[in-house]
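Participant: For this one, chain W is given, so just place chain H with the ligands on it according to the hints.
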Amino acid sequence: MINEEANTAVENKPETQEYFINMGPQHPSTHGVLRLMLTLDGEIIKKVEPHLGFIHRSIEKMCEKDSYQQIVHLTDRMDYLSCHMNNEAVCLCVEQGLQLEIPERVKVIRTIISELTRLSSHQLWWGVMGMDLGAITTFLYGFRDREMITDIFEETCGARLTMNYNVPGGLMFDIHPNFQKRTKDFITYFKKKLPEYDDLLSNNVIFTERTKGIGMLSKEDAISYGVTGPSGRASGFSCDVRKHFPYSAYDRVDFREIIYTEGDCYARYRARIDEMHESMKIIEQLIDNIPEGDYKAKTKAVIKLPEGEYYQRVETARGELGVYVVSDNKKSPYRLKFRSPGFSNLSALNIMAKGDKIADLVATMSTLDLVIPDIDR
Amino acid sequence: MGLKKYISDIFYGVKSLITGMKVTGHYFVRPKEIITQQYPENRESLKMFDRFRGEVVLIHDENNMHKCTGCSACELACPNGSIEIISDKVIDPETGKSTKVIDKFVYHLSMCTFCNLCILSCPTDAIKMAQNFEHSVFDRSELTKVLNKPGSKIMPGIR
Ligand code: SF4
Ligand code: SF4
Chain W
20 MINEEANTAV ENKPETQEYF INMGPQHPST HGVLRLMLTL DGEIIKKVEP
70 HLGFIHRSIE KMCEKDSYQQ IVHLTDRMDY LSCHMNNEAV CLCVEQGLQL
120 EIPERVKVIR TIISELTRLS SHQLWWGVMG MDLGAITTFL YGFRDREMIT
170 DIFEETCGAR LTMNYNVPGG LMFDIHPNFQ KRTKDFITYF KKKLPEYDDL
220 LSNNVIFTER TKGIGMLSKE DAISYGVTGP SGRASGFSCD VRKHFPYSAY
270 DRVDFREIIY TEGDCYARYR ARIDEMHESM KIIEQLIDNI PEGDYKAKTK
320 AVIKLPEGEY YQRVETARGE LGVYVVSDNK KSPYRLKFRS PGFSNLSALN
370 IMAKGDKIAD LVATMSTLDL VIPDIDR
Chain H
7 MGLKKYISDI FYGVKSLITG MKVTGHYFVR PKEIITQQYP ENRESLKMFD
57 RFRGEVVLIH DENNMHKCTG CSACELACPN GSIEIISDKV IDPETGKSTK
107 VIDKFVYHLS MCTFCNLCIL SCPTDAIKMA QNFEHSVFDR SELTKVLNKP
157 GSKIMPGIR
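Chains as they are written, first to last, in this note's numbering: chain W, 20 to 396; chain H, 7 to 165.
Just chain W, with the same shape it has in the complex:
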């Protein structure tokens, strides 16, 4: 009897079972309070289910009681690494509703600061990406260069991260007298330092082994999930708002839209590194040609948008941010909706990570460059 049981156990293959584990909400490489429910078969990922809501602050609802000037500062708290672009999106939307003519000076300054914000965001992403894959060094190097940009922001805008430098109609103050010199100094400095990024990480054999062919996203999937920004462009989806729907001063600058067709982690990585080169090119074209003029168009103290619906999109460091305002001619919007890039990019995580190992999920998430408050709002 006992022997018989032992024999059947040997004959049948050992049974495997799918199981769940939680990644997050407190996990160093989810970069915030994101909870991922992973369905695993051994170490292979079968399914990734993101659970949101841990940092929901109902920003959209708060906007319904705030005046248009006050809404701007709330958008700092969505994607804090591209706060200037978020501010700009709201301001452009309000200006579109008021049909306000914006001084040329404002457009150029907004563009320069947007590109600086994009640079600083990508520097931080580069540092953190290295750290996620086990290289602490890159974190320190990325922050070293980012520090110069935050100093520029601190001097001109008054804050290092949540700057709130835009107001509907223009800017809060004029640029600081040192702004141009500091920015030019930074560009000369960073031109020399950017090759270091390649030496340290891009060509590193451990890094390339862990990113090439990992987290594949096809162009069709990128389009159907609405993956925008460098992540979408690395799959061959031409989606740069700055090129297709130019706003501010992007119509007069010459830059390349970075497109890669591989759609793996390494392509997304390269797309961002190349974007840093392009951002510097844009800044160089504009920094010496800031037109004279006012830094703010005249607006009423209480802004009321005419009844109707307004939509404005901008390209943040993570992708396309859309602001949709429904106005009923009151001093706050009837409804305001943000189409945030992080939310759509995260939705594609399941198909990107399927079939990879758990450790690859960390690399995939890193190259998506998620900012959790942007996803939850």
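Any given hint could turn out to be false.
Covered stretches of chain H (chain W as the covering partner; in silico rule of three or more C-beta atoms under 8 Å from a C-beta of chain W) [said to hold, decoys possible]:
| no. | segment |
| --- | --- |
| 1 | 46 to 52 |
| 2 | 56 to 70 |
| 3 | 116 to 126 |
Don't read these hints as lab results, they were simulated from the structure. All C-beta atoms, glycine included, are put in the ideal place defined by N, C-alpha and C.
Facilitator: Chain H with the ligands in isolation, oriented as in the chain W frame:
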């Protein structure tokens, strides 16, 4: 073929690691080109940027006079209720008219998002942003401040 690729991969790998080490080595032997910074302990000599937004303060001159009329424009401009203006009506002994003066300018530093809207909205430029950046305290009640100093008065001529 397989062996050749195997060996060239090893060489490529070692080379890429050495390239990276060269960068870190460069900074290792040149400690002057620092990567990290010390925390600014030199609080007396430290010069912050003028526009840096540390906290809202009410400007007082040497005679303990301020410019706040108690008009509440800043309270209305604030998106999150960080400012409360508690004002009084006093009868001017000379003209007999009643005027508004502030009793307390309450500022909740713990709720402030440093958006600068209150400063922009003040018609008399009575408030400004101070540059101090160390706000930690042991009890959160200490973060609720009364900005007008005891015994302070409004500057003459400000209406
Ligand atoms: S800075 Fe902004 S949040 Fe702070 S008190 Fe002024 S208006 Fe309110
Ligand atoms: S600080 Fe300025 S805006 Fe605020 S109540 Fe006083 S005068 Fe009015």
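Participant: Please list, smallest to largest, the hint numbers that this structure does not respect.
Facilitator: Per hint list: single violation, 1.
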